[in-house]
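Residue numbers (my numbering), protein chains in the order written: chain A, 1 to 99; chain B, 1 to 525.
Hints were generated in silico from the structure; no laboratory data involved.
Mixed in with the good hints there might be a few duds.
Below 20 Å or equal to it, Euclidean Cα-Cα: the simulated SDA-like pairs (lysine to any residue) are [as the list claims (entries may be wrong)]:
1) B/K59 <-> B/R41
2) B/K403 <-> B/T320
3) B/K288 <-> A/D46
4) B/K403 <-> A/D37
5) B/K59 <-> B/A16
6) B/K403 <-> A/L45
7) B/K403 <-> A/Q55
8) B/K403 <-> B/D414
9) B/K288 <-> A/E44
10) B/K288 <-> A/A40
11) B/K288 <-> A/Q38
12) B/K403 <-> A/E58
13) B/K403 <-> A/P52
14) B/K288 <-> A/A51
15) B/K288 <-> B/A304
16) B/K403 <-> A/H34
17) B/K288 <-> A/S5
18) B/K403 <-> B/E314
19) B/K59 <-> B/A71
20) B/K403 <-> A/A43
21) B/K288 <-> A/L59
22) B/K403 <-> A/D46
23) B/K403 <-> A/A51
24) B/K403 <-> A/L42
25) B/K403 <-> A/V41
26) B/K288 <-> A/L25
27) B/K403 <-> A/A54
28) B/K288 <-> A/E58
29) B/K288 <-> B/T320
30) B/K288 <-> A/D37
31) B/K288 <-> B/A16
32) B/K59 <-> B/A123
Quick caveat: nothing in here was measured; it's all calculated off a predicted structure.
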Amino acid sequence: MATLSRDDVAHVAHLARLGLTEEELTRLEGQLNHILDQYAVLAELDTEHIAPTAQTIELENILRADVVTPSLSVDEALAGAPERAGDHIVVPGIIAEYE
Amino acid sequence: MAGNDLTRLRAHEMAAALRAGDVSARELLEASLARIRATDRPLHAWASLDEDGARDAAKAADRRLAAARGAGQEALAALPGLLGIPVALKDLVVTRGLPSTAGSRILGGFVGPYDAHIAERLAEAGAIVPGKTNMDEFAMGSSTEHSAWGPTSNPWDLTRVPGGSSGGSAAAVASYHVPLGIGTDTGGSIRQPAALCGVVGLKPTYGRVSRYGIIAFASSLDQIGPFGRDTRDAATLLQAIAGRDERDSTSAPIPVPDWSTELAASDDEAAGWLRGARIGLPRQYFVKGMEPGVEARVREAVAALESAGAIIVEVDLPHTDYGLATYYIIAPAEASANLARYDGVRFGYSEHEGDVLGNYLATRGRGFGAEVKRRIMLGTYALSAGYYDAFYLKAQKVRTLIKADFDAAFASVDALVAPTSPTVAFPLGARLDDPVAMYLSDACTLPVNIAGLPGLSVPCGLSDRLPVGLQFIGRAWDEGTLFHLGRAYEAITADAGWRRLDPADLGALEDPATPTPAERMAAHA
């Protein structure tokens, strides 16, 4: 089955937006490969004609009336924000400034 | 009644004493808080306490009781079963105005802006919540060692884990802090700690309880359920939280039976329920690595059920061995998506390091603990381009086969009986560096989540002086049969010597010189 190289581990960490130390990458390379080895047993099963199960209860198209109900105030919603300006959350710019 | 005696009462005994006017909700709460203060340092079952909020709730409960007493027997009988009863909440439950951390540094200091559905339901029922209990970070773990706030110990042996991830609630109920607790179970996180701490724990059918306000781990598997010191108490707690809620579209519009009043009060009547009951014993659940002492207790329990009139039928669940791999693809995949929301922008722990990407990497790299990062990595990999079919889709197909095994078994039996955990409580630190060994703790519980079924763990004796759990597994929506079986098993073993034993380290808990679990771990490292 698949084997993860250290570069693969670093790539997955980037996809997951996890900043990992060199030590963590080394440890994860060993641990993830050991865990992936356990997945290999699934290849024993022929599942070509088996439908996947995403959830176990038979519920479909759960709808409710589209009505306004009480919700959090702006202050409540922003109470946990690391940085706030007025009614907004402050974040670093993601588009270069025009100048 | 004196404080220590009050904490010994089960919830239904507390309810009777409250109605009779023998005790007040305030007295029950103070006894509970006093016991927590006196014994929690070496146990560390609690993440945070809310003494003021709990006192206000207890006063309100006492007013309701007084009003009903004035209005007569009928009004008293109509009061909710949980009125005035202390209930521990796992810190995965969001509670308005209180820390709601999921055992994670990334939610350190996060205060809930609203109440979870079950917190609202418990408040309406008049239950008293003294605080929130410790847990593995984001419910990922089987030992409560993966908490950013330090591990919890097992009151039967303080050098051992309480199980997890709901280890704080299980340890709090086992240590007589509270008669009832709330946990969540994604792969065994209620049943396994219930087994390891010697208490009752139920994972309800997927969809039975609304998860609105429960911090998400793996959304196709997560369920909320009760801990108690007996089956009747667990049934009463589930009764209070079960049912459809518009805010969780996976909570099912299925009627909730009146479990707590259906259960027989007399042991004879309860035991009678076993006559002719067809119970399947899955061969594959006596897994490799199962301790002989655990297997012996479970087989003795099965023999006791049979002597009491149950028809025990050996059944096959042939895909059981594939459960672990299936679970450890599906759960991390769903977790990696659910945990993408922790970005340090809107709430929670936040690091600033250069640009937006730098902030994400630093916040998530330092905010999450080792096990959570491992699962996010596994899940991200299993869902990534080129691997989705080989891992996630494959696991979803095997999920179909595992569910079909249960469907086939339930064609001929009313319920299954099996071990809950392959081992008794293991030493703190023993499996921390070996994730696969840790994952094996849930080999007998996670297939039940994969199939969305209810599972009940009840204590069935001791092995090496540590508790062993017996698991009953039912058809979807048939928690009722599990409660009858649990109650019947309690009835036929009511005179067993082990039922009268207290957790062996309760004495050490009362000694302020006993080290904390974190100090104990550090000494071993």
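Are B/K403 and A/H34 close enough, with their CA atoms no more than 20 Å apart?
-> Not OK: B/K403 and A/H34 at ~27 Å, beyond 20 Å, violated.
CA of B/K288 to CA of B/A304, is that 20 Å or under?
-> 24 Å, violated
Given pair status - A/E58, B/K403, alpha carbons within 20 Å = Since the Cα atoms of B/K403 and A/E58 sit roughly 13 Å apart, the hinted pair holds (cutoff 20 Å).
Is B/K403 close enough to A/A43, meaning Cα to Cα at most 20 Å?
-> Distance of about 18 Å is within 20 Å: holds.
Going straight from one Cα to the other, do B/K403 and A/L45 come out at no more than 20 Å?
-> 15 Å, holds
Mind checking the alpha carbons of B/K288 and A/A51 for me, to see if they're no more than 20 Å apart?
-> Not OK: B/K288 and A/A51 at ~30 Å, beyond 20 Å, violated.
Hey, B/K288 versus A/D37, does the alpha-carbon distance stay inside 20 Å?
-> 18 Å, holds
Could you grab the alpha-carbon distance between B/K288 and A/E58 and see if it respects the 20 Å cut-off?
-> 34 Å, violated
Holds or violated: B/K403 with A/P52, Cα cutoff 20 Å?
-> 11 Å, holds
For the pair supplied as a hint, B/K403 and B/T320, confirm whether the alpha-carbon distance does not exceed 20 Å.
-> Holds: B/K403 and B/T320 sit about 10 Å apart, inside 20 Å.
Verify the proposed pairing of B/K59 with B/A123, using a straight-line Cα cut of 20 Å.
-> 13 Å, holds
20 Å Cα cutoff - pair B/K403, A/L42 | With Cα atoms ~15 Å apart, B/K403 and A/L42 stay inside 20 Å; holds.
Checked against the numbered hints above, the structure breaks hints 1, 3, 4, 14, 15, 16, 17, 21, 26, 28, 31 and satisfies the rest.
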